[in-house]
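Participant: Chain B: place on chain X using the hints.
Sequence order for the protein chains is X and B.
Residues 235 to 504 (the numbering used here) are what the first sequence spells out, left to right.
Residues 236 to 355 (the numbering used here) are what the second sequence spells out, left to right.
I should point out that these hints are in silico values taken from the structure, not numbers from a laboratory.
Here the structure is a predicted model, which is why all the values come from computation and not from measurement.
Idealized CB from N, CA, C, for every residue including glycine.
The reader is advised that the hints may include incorrect statements.
[Unchecked claim] Calculated cross-link-like contacts (lysine to any residue; reagent style SDA-like; alpha-carbon spacing at most 20 Å):
| id | chain 1 | residue 1 | chain 2 | residue 2 |
| --- | --- | --- | --- | --- |
| 1 | B | K305 | B | G294 |
| 2 | X | K392 | B | S322 |
| 3 | X | K392 | B | K305 |
| 4 | X | K392 | B | T269 |
[Unchecked claim] Pairwise CB distance ranges (calculated):
| id | chain 1 | residue 1 | chain 2 | residue 2 | range |
| --- | --- | --- | --- | --- | --- |
| 5 | X | L444 | B | K305 | 54 to 62 Å |
| 6 | B | R239 | X | S478 | 49 to 57 Å |
| 7 | X | E353 | B | L329 | 18 to 26 Å |
| 8 | X | F276 | B | R352 | 39 to 47 Å |
[Claimed, not checked] Only part of the chain X face toward chain B is listed, based on derived beta-carbon distances under 7 Å:
| id | residue |
| --- | --- |
| 9 | L284 |
| 10 | R285 |
| 11 | T286 |
| 12 | A289 |
| 13 | A290 |
| 14 | H294 |
| 15 | D389 |
Residue-level listing of the chains:
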Amino acid sequence: MSMSERLDSAPTKRLKTLEAQAKEAQRTIDELRARDALKTQFLSNVSHDLRTPLAAIITHAEILREGMLGDLNPKQRDSLSGIVSGGQQLIDMIDEILTYVRSASDQVSLVRTDFDITELVDQVRMLNQALAAKKHLTIERLNGDDLPPVYADRDKVKHVLANLIGNAIKFTPDGGRAWIGFSRRGRDGEDLVVEVGDNGRGIASDNYDLVFREFAQVDASPSRPHHGTGLGLAIARNLVELHSGTIWVESELGKGSRFYFTLPLNPPRD
Amino acid sequence: MPARILIVEDSPFVTDAFRVLLTAAGYEVDAAATVAEAIERGTSAPVDLMLLDLTLPDGSGLEILDALRKRGSLPRATLAMTGHNDSASRRSCLEAGCVDVLLKPVPIGELLRQIERHLA
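With the rest of the complex left out, here is chain X (with noise of 0.2 Å):
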């Protein structure tokens, strides 16, 4: 061997080695990403099937209750109401594991339209007044009413807004209040905020990133006193992002938490 051979032989043996440990990672990218989707699939599936007959028997257990079938006495009236609230729960909760499924995975597509989201906002509003009139808490729009139309996605923007608001219901003891109000961002405006906000128990800064986490919950103990999959923030965070927006919380423990998202208010058109 040549002088000059042995020269070169030490970098083509190191560029050999590289090019092998990059075929590997991009095989072991390959592999953890077919397992991925499979895990996708798999919640997908079972996702559906136990729906399915769960609706069914929420369907059996109503029909029983409104003495369909023959009178009852009012504690098994009860005790089917028992059965559809706890059934209609579970139903929740595996719409709420489908929609993240769908949210992460590569095939979902944004359905973009023109809308008024202060008009969506008070939709939402009106859907919780319910939940939030049983704590007394109050929900205010403090603001919208001088905004453009946002080109978005209205399913997708709605279910972050009720998630959002669901949680500041949650989370705000009785007599609270929570709000949502927006505001504009970047040199021309272009960025619309919407920001949800609650003066309920607040979330210590360490918790910031973990909230946004799939299945996590900052008090995740099976006695904590609001059960859930703890995917809600996110389904947002995904539902955020595949609109080129981004989604953050600042908060001071037991004082309340601003949840902050932003919309481009003109992305480009298809």
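Facilitator: Here is chain B on its own, set in the frame of chain X:
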């Protein structure tokens, strides 16, 4: 004569529940679990109202509407039932000729009201 309702649904659990409900409410009930079966049941005797699940083992429930329309056997009303009520699938149901789209599980009070209204 009681109105005839055709339940198109691939889950026997759901079909059973609706059969119990609608029979108790005084309707004549028939059921089909596939697109092919639904077309056969829908053409063999006139159907007043169809409860239509969208996802069936051999195709989409909406294909049934097309097939029955071609054969001149379209029910007076079709109520679609789905597990996920997004506005895109809602639109395609209404365009295909459904009178409404209901989210499963449909509260029975609402279901009976809807059926009554569309049979009136």
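Participant: Confirm or reject each hint.
Facilitator: Evaluation of the provided hints:
1. Using a Cα cut-off of 20 Å, the hinted pair K305 of chain B and G294 of chain B holds, with the two alpha carbons roughly 17 Å apart.
2. With a C-alpha separation of about 12 Å, the suggested pair K392 of chain X and S322 of chain B falls inside the 20 Å cut-off, and the hint holds.
3. Between K392 of chain X and K305 of chain B the alpha-carbon distance is near 39 Å, which puts this suggested pair outside the 20 Å criterion.
4. Straight-line distance between C-alpha atoms of K392 of chain X and T269 of chain B comes to about 34 Å, which puts the hinted pair past the 20 Å bound.
5. Our hint of 54 to 62 Å for L444 of chain X and K305 of chain B holds, since their Cβ atoms are close to 57 Å apart.
6. Checked against the hint of 49 to 57 Å, the pair R239 of chain B and S478 of chain X passes, with Cβ atoms roughly 52 Å apart.
7. In this structure the supplied range 18 to 26 Å holds for E353 of chain X paired with L329 of chain B, their Cβ-Cβ distance being about 21 Å.
8. Between F276 of chain X and R352 of chain B the Cβ separation comes to about 40 Å, which falls inside the hinted range of 39 to 47 Å.
9. Here the hint on L284 of chain X is broken, as its CB sits about 11 Å from the closest CB of chain B, past 7 Å.
10. Hint on R285 of chain X holds. Least Cβ distance to chain B is approximately 6 Å, under the 7 Å limit.
11. Annotation: T286 of chain X was flagged as interfacial toward chain B, and the flag holds, the nearest CB pair being 5 Å apart, inside 7 Å.
12. Hint on A289 of chain X holds. Least Cβ distance to chain B is approximately 4 Å, under the 7 Å limit.
13. With 7 Å as the threshold, the beta carbon of A290 of chain X comes within range of chain B, its nearest partner Cβ sitting at about 4 Å, so the hint holds.
14. The closest approach between the C-beta of H294 of chain X and any C-beta of chain B is roughly 5 Å, which is under the 7 Å cut-off, so the hint is satisfied.
15. Evaluation of the D389 of chain X hint against chain B yields a held restraint, the C-beta minimum of about 5 Å falling below 7 Å.
Consistency note: the structure conflicts with the earlier hints numbered 3, 4, 9.
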